[in-house]
Amino acid sequence: MNERLVVDRLGDSGANAHDRLRNLLRDRSFARKRVVLASGKESDFFIDCKQTVLTAEGHALAGELMLNALELWPLCEAVAGVELGGCPLASAVALTSHLRGTPKNAIYVRKETKDHGSKRGIEGDTHFAPGTVVAMLEDVITTGGSTLKAVEKLRTAGYQVCGVVALVDRLEGGREALEADGLAFVALYTRKDFLPDS
Numbered sequence: 033m034n035e036r037l038v039v040d041r042l043g044d045s046g047a048n049a050h051d052r053l054r055n056l057l058r059d060r061s062f063a064r065k066r067v068v069l070a071s072g073k074e075s076d077f078f079i080d081c082k083q084t085v086l087t088a089e090g091h092a093l094a095g096e097l098m099l100n101a102l103e104l105w106p107l108c109e110a111v112a113g114v115e116l117g118g119c120p121l122a123s124a125v126a127l128t129s130h131l132r133g134t135p136k137n138a139i140y141v142r143k144e145t146k147d148h149g150s151k152r153g154i155e156g157d158t159h160f161a162p163g164t165v166v167a168m169l170e171d172v173i174t175t176g177g178s179t180l181k182a183v184e185k186l187r188t189a190g191y192q193v194c195g196v197v198a199l200v201d202r203l204e205g206g207r208e209a210l211e212a213d214g215l216a217f218v219a220l221y222t223r224k225d226f227l228p229d230s
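Going by our numbering, the sequence shown opens with residue 33, and the numbers climb by one from there.
There may be inaccurate statements among the hints.
[Claimed, not checked] 27 Å max Cα-Cα, derived DSSO-like pairs, lysine-lysine:
1. Lys82 <-> Lys136
2. Lys136 <-> Lys73
3. Lys181 <-> Lys73
4. Lys143 <-> Lys181
5. Lys82 <-> Lys185
6. Lys65 <-> Lys82
7. Lys82 <-> Lys181
8. Lys224 <-> Lys136
9. Lys65 <-> Lys185
The set of hints was computed from the structure by calculation and includes no laboratory data. None of the values given here were measured: they were computed from a predicted structure.
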């Protein structure tokens, strides 16, 4: 499933929101510079989605569009965000779903289990039943490695992960890795939205 099919399902208002969020990401989050990514790979561009998602408008748009994408998976009951970039996405979707009257609670997946207090690796899940169907939300997918680690934590805790929704797919193998693990995947944008000639 690609972002065009998701937008087509949304009608004019969804297309306008999709265009607006893409423009915010281009203005606030995208930069041409050399960076080392979480995967360890070097790249000549960087997309820091937090710079967009943590604005009031970006937060609202991300919540709206990602919740719309979840309509592809009607059995989805909750959303999970990976620390740090996925956490505001999960909160945005939870809030939007509540406002629409179709609540999907959010949980956060820590990269490392806390070494104090509750010593939890997953936050906000104490009221979820075993087998709850969860969608994983990510800001940027590169190789999919960190997403698969978080998915494994959720599975180990007894959740069913139905798929992954990302804001941006860098088109560097992440989709293939997730689908090879049996996960449905949709991205609202790809690197081509920021580097059309790539």
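Satisfaction of hint between Lys181 and Lys82, Cα-Cα up to 27 Å: Holds, at about 21 Å.
Holds or violated: Lys224 to Lys136, with C-alpha atoms at most 27 Å apart: violated (31 Å)
Distance restraint between Lys82 and Lys136, which requires alpha-carbon spacing of 27 Å or less: holds (22 Å)
27 Å Cα cutoff - pair Lys65, Lys185: violated (33 Å)
Straight-line alpha-carbon gap Lys143 to Lys181, limit 27 Å: holds (9 Å)
Straight-line alpha-carbon gap Lys181 to Lys73, limit 27 Å: holds (18 Å)
27 Å limit on alpha-carbon distance, applied to hinted pair Lys82 and Lys185: holds (23 Å)
Restraint check for Lys136 with Lys73, where alpha carbons must lie at most 27 Å apart: At roughly 34 Å apart (the allowed maximum being 27 Å), Lys73 and Lys136 break the hint.
Restraint status (C-alpha distance of Lys65 to Lys82 at most 27 Å): Since the Cα atoms of Lys65 and Lys82 sit roughly 17 Å apart, the hinted pair holds (cutoff 27 Å).
Hints 2, 8, 9 from the earlier list are contradicted by this structure; the remaining hints agree with it.
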